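Note that the protein sequences, when read in sequence, are chains W and B.
1 is the number of the first residue of the first sequence in UniProt numbering; add one for each residue after it.
1 is the number of the first residue of the second sequence in UniProt numbering; add one for each residue after it.
Derived by calculation from the structure, the hints in this document are not laboratory data.
Certain hints may be false.
[Said to hold, decoys possible] Below 20 Å or equal to it, Euclidean Cα-Cα: the simulated SDA-like pairs (lysine to any residue) are:
# : chain 1 : residue 1 : chain 2 : residue 2
1 : B       : K126      : W       : K228
2 : W       : K161      : W       : I140
3 : W       : K39       : B       : P122
4 : W       : K228      : B       : E642
5 : W       : K39       : B       : K126
6 : B       : K126      : W       : M38
7 : W       : K39       : B       : M201
8 : B       : K126      : W       : I140
This one's a predicted model, so the numbers in the text were calculated from it and none came from an experiment.
Listed below are the residues making up each chain.
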Amino acid sequence: MYQFDYHRPTSLDEAAQILSQDDEASLLAGGQTLLPTMKQRLAAPSQLVDLSGIAELKGVREDSGQIIVGAMTPHDTVANDKTVQAKIPGLAHLAGEIGDPQVRNRGTIGGSLANNDPASDYPGAVLGLGATVRTNKREIPADDFFLGLFETALDEGELIKEVAFPVPKKSAYAKFHNPASRYAIVGAFVASTEQGVRVAITGAGPCVFRVPEMEQALNSNWSADAIKDIKVAADDFNTDLHASADYRAHLVTVMAKRAVQAAG
Amino acid sequence: MGQFGVGQAVRRVEDARLLTGQGRYTDDIQLDGQLYMALVRSPHAHAEIKAIDAEDARQAPGVHAVYTIQDLDATGIQDIPCMAPIPGVDGRPPRMPGHPVLARGRVRHVGDPVAAVIAETPQQAKDASELVEVDYAPRAHVVDAADALAPDAPTLHEIAPGNVALDWGTGDDDAVEKAFREAAHVTRVDMVNNRVVANSMEPRGAIGNFDPQADRFELYTSSQGSHGLRKQIAEKVLNIDPERLRVVTPDVGGGFGTKIFLYGEQVLVLHAAQALGRPVKWIGERRESFQSDAQGRDHTATMELALDAEHRMTAIRLTSLANVGGYLSNASTYVPTQSLGKMLCGLYRIPAMSANVKCVFTNTVPVDAYRGAGRPEAAYFVERTVDAAARELGLDPAELRRKNFIQPDQMPWTTPAGATYDSGEFARLMDRALEQADYAHLGERKQAAARRGKLLGFGLATYVEACGSVGSEDARLTIDPDGGASLVVGTQTNGQGHHTAYAQLLADKLGLDPEQIRFHQGDTDVAATGGGTMGSRSLLVGGGATDQAADQVIERAKKIAGHTLEVSPDDLEFGEGTFTIAGTDRRTTLAEVARAAVERDDLPADLKGPLAETGHYDSPDAETFPNGVHVCEIEVDRDTAELEIARYVVVDDFGMVLNPMLVMGQIHGGVAQGIGQALLEQTVYEAGSGQLVTATYQDYTMPRADDLPDIEIEFINVPCKTNPFGIKGAGEAGAIGAPPAVINALVDALEPYGVLHVDMPATTERIWQILQANAPKAAAE
Ligand SMILES: Cc1cc2nc3c(=O)[nH]c(=O)nc-3n(C[C@H](O)[C@H](O)[C@H](O)COP(=O)(O)OP(=O)(O)OC[C@H]3O[C@@H](n4cnc5c(N)ncnc54)[C@H](O)[C@@H]3O)c2cc1C
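Construct all of the structure, not just a fragment, from the sequences and the given hints.
See the structure below:
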């Protein structure tokens, strides 16, 4: 690790201000991604702006029929939150599938979404539920938030405040774990909502994406059978030591079917 | 038998200390004024070092020195030697280029150390290490053993043209040739025993110190035996009298073979400490463990088995390549040759065998002993081939094995591979394992699994390995005046629970609780001699010496008690720590005797002084042969290719089991490593770049608790006939039996897909590819 200055602001504005004055400053949430990168000397922020002192960023609440999860809420809190479990069981299950207990107790939804690792889980739920990412500047619909590999719609200096999840009729998440890192090789999030079915796939490609063919098929027939023959193209999928693009494409269909089954 | 006697699952006496953070590992030791070392390591797989500019680093804050090989050569520090000059088929020793402590003119693998930076703090050392500018001229590299033999392959060491370190052979080629000519059936399997990274929980580390007054070095280091390191460093590398070097190994968090050997960092901290007059500490980072700890296995083989018309095995032949990496580590020429070769007949009556193994240099981290060291490779090659033969011949794999087992009444049995088995009841163990695993109802389970969309496979593997008999040990036992006892041994626990085992050996004999026995190991100033821990030898050799020491202590104590009680020692009975005059209630305790020995002036000279004796044990000129059976039942998910181990049964013959809980712990750990090797652990050097791309836990898959099944373990111990304790050794067995059992099960599961072999690690990707490629055949059924 290289040297850096450390701040622990108590308000969003203060955090935003420090950030705006220094291009090399970085926000620190749970540190599960940022700190290992710094330890390996692959990142060298001049300042760390620790968000853990900002009370309004923490916790889960219900507001006008939506579930609002603060950016600094650890995965473990979401996984065990009674309201989330009752209203969006797919989301609670997804949060409980992330990493290991240590990671779930430190890692946050804000850090995860800002990072937009192609193998991370939360993008599946955010896109699959059609959630809204609220920042210190604006509201960004999920369909506009995830732009590409480690790339989001967040501007320089923009902070995620919270995520608003609409409550679906049903939802579920099925994950095929990377055996080493336990991130997603393929994760399928399916939701049946008032506006129709949404199917979001994470892990397989450079960025989370929806599968319109599956959504259509499920809109007319909510059953695993309805999508069993729908294959996605492997063209721009990830290939690594653990899974080839073709294997991932195959798993997309298998995991989507399993998610539909699990949602009931 | 007493409360703590043989066969009792005595709780580990070291656990309270280790589990509450009271352990003392190398990194817990802080010497006054210690400096820190960071290494500059090669980013290239193979490159010429044209120049090293360390000026900026030397000027950096806190830096005391930057060393390169020129500094070491100027001091006369020698290269680390290979200690196994095993002759090849040409009768000559291996081509043994030394392993320089820092790269000399050329780097030969990614992570090869090039310079050492010593600074006030670890951060400063690391910061400065980034300022060392090395001018590399990259050379063509090669990471695969077969590729390294190609005529146009780059040469790693000029003294080894063609990259062959050793071309080794054994057996009777003519007899084997004849058997294959006359065979009714020949089975041939091409397979890879994949490379693994040991991944001890505690990384390697070393602290060097030099005392100019005493003119003496001290090395604190995580190892599997301090005496061997002392001898090697003193005699081969520093050229000093071993008395001038003290090596101390404190608690060790896992070794698995890797920590037996000498590494450059251990030499560097000594050199730096002497040169700078301050202690110097180096603790490896996890990435450095991946890039510099000796790795395991990496053996690519063709195994052929000849059978006659009655399905009797008539000959076995191994032709193989062992990838030894960029340099020879201490024992790297022994592991894939003699250690492996001896076990190539398994448990079978095979009249003829031959083996040809080429040890090949590549631009990868050196390979050396890893849990089993050659014996797991042999068991894997044998048991995969026997299983394939049964499959090709349409025979029950258990029956083919049974038909060819060496029978108990044929013991001792000398195999043509040169091993003499003293005892073993192989069919009995296999029958018990099959019964426990309910082999009889396998067909029903397969059908039930198929209905759930799963492919169920049943795998059977036997193993035999050679253990124990390496060198001798001394053990010094002192009865302390407070009634406890202190034991000093020359073996080295790396986490196995030696303190408990030794305490258990002594407790009943001396009438003490295991907690009353103080345990000392790892310090060459405290133990006069020591052979360290490897090859499952400690309980046999160290235990033998300990038992002897206890006998000697009791014998002398009895004479002293005779004086204090004023009777003839012959009238004294010893039990529960007390000498009693037969038929009376007059007695004295061992603790009282120990005090009398130092306090009373009226004792004869030869009885006076601390009640301490040194026991000695020489290994008999015969190895021990633990053996056993592993049964693995797996289910493969047809949709995802995920594999789950549904059942795992082990039946072992360890000759004698002192503490079943400790031994089961060894089996659990060994099976975990074996399953890891078989299914999960991929060590991948990218051919294009020569980089180890699995150098973090994001990519290198260590087995986790939820990858592992419940492991059902039974012992059927047939006492070893070549040592007085009946011990055969148990430390490596789990890692030997598991890989073939798991892969045999997988091949059985994939039988409908026409599969005869799957290479390790059988990742889900690999299994999925098989299901894809062969889908039509399965669908047609
Ligand atoms: C061993 C391990 C296993 C893991 N397994 C999984 C897994 O299975 N699935 C999975 O999805 N993830 C996994 N993760 C990632 C983890 O769950 C976190 O989601 C991830 O590390 C990011 O969250 P964080 O709170 O730790 O963010 P940090 O590491 O603190 O920050 C990450 C990045 O986001 C930025 N950032 C943080 N908060 C905000 C904000 N509010 N607004 C804007 N930018 C912000 C930071 O500046 C930084 O660039 C794993 C991590 C580890 C170490």
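### Query
Of the numbered hints stated previously, which ones are contradicted by the structure, given in increasing order?
1, 8
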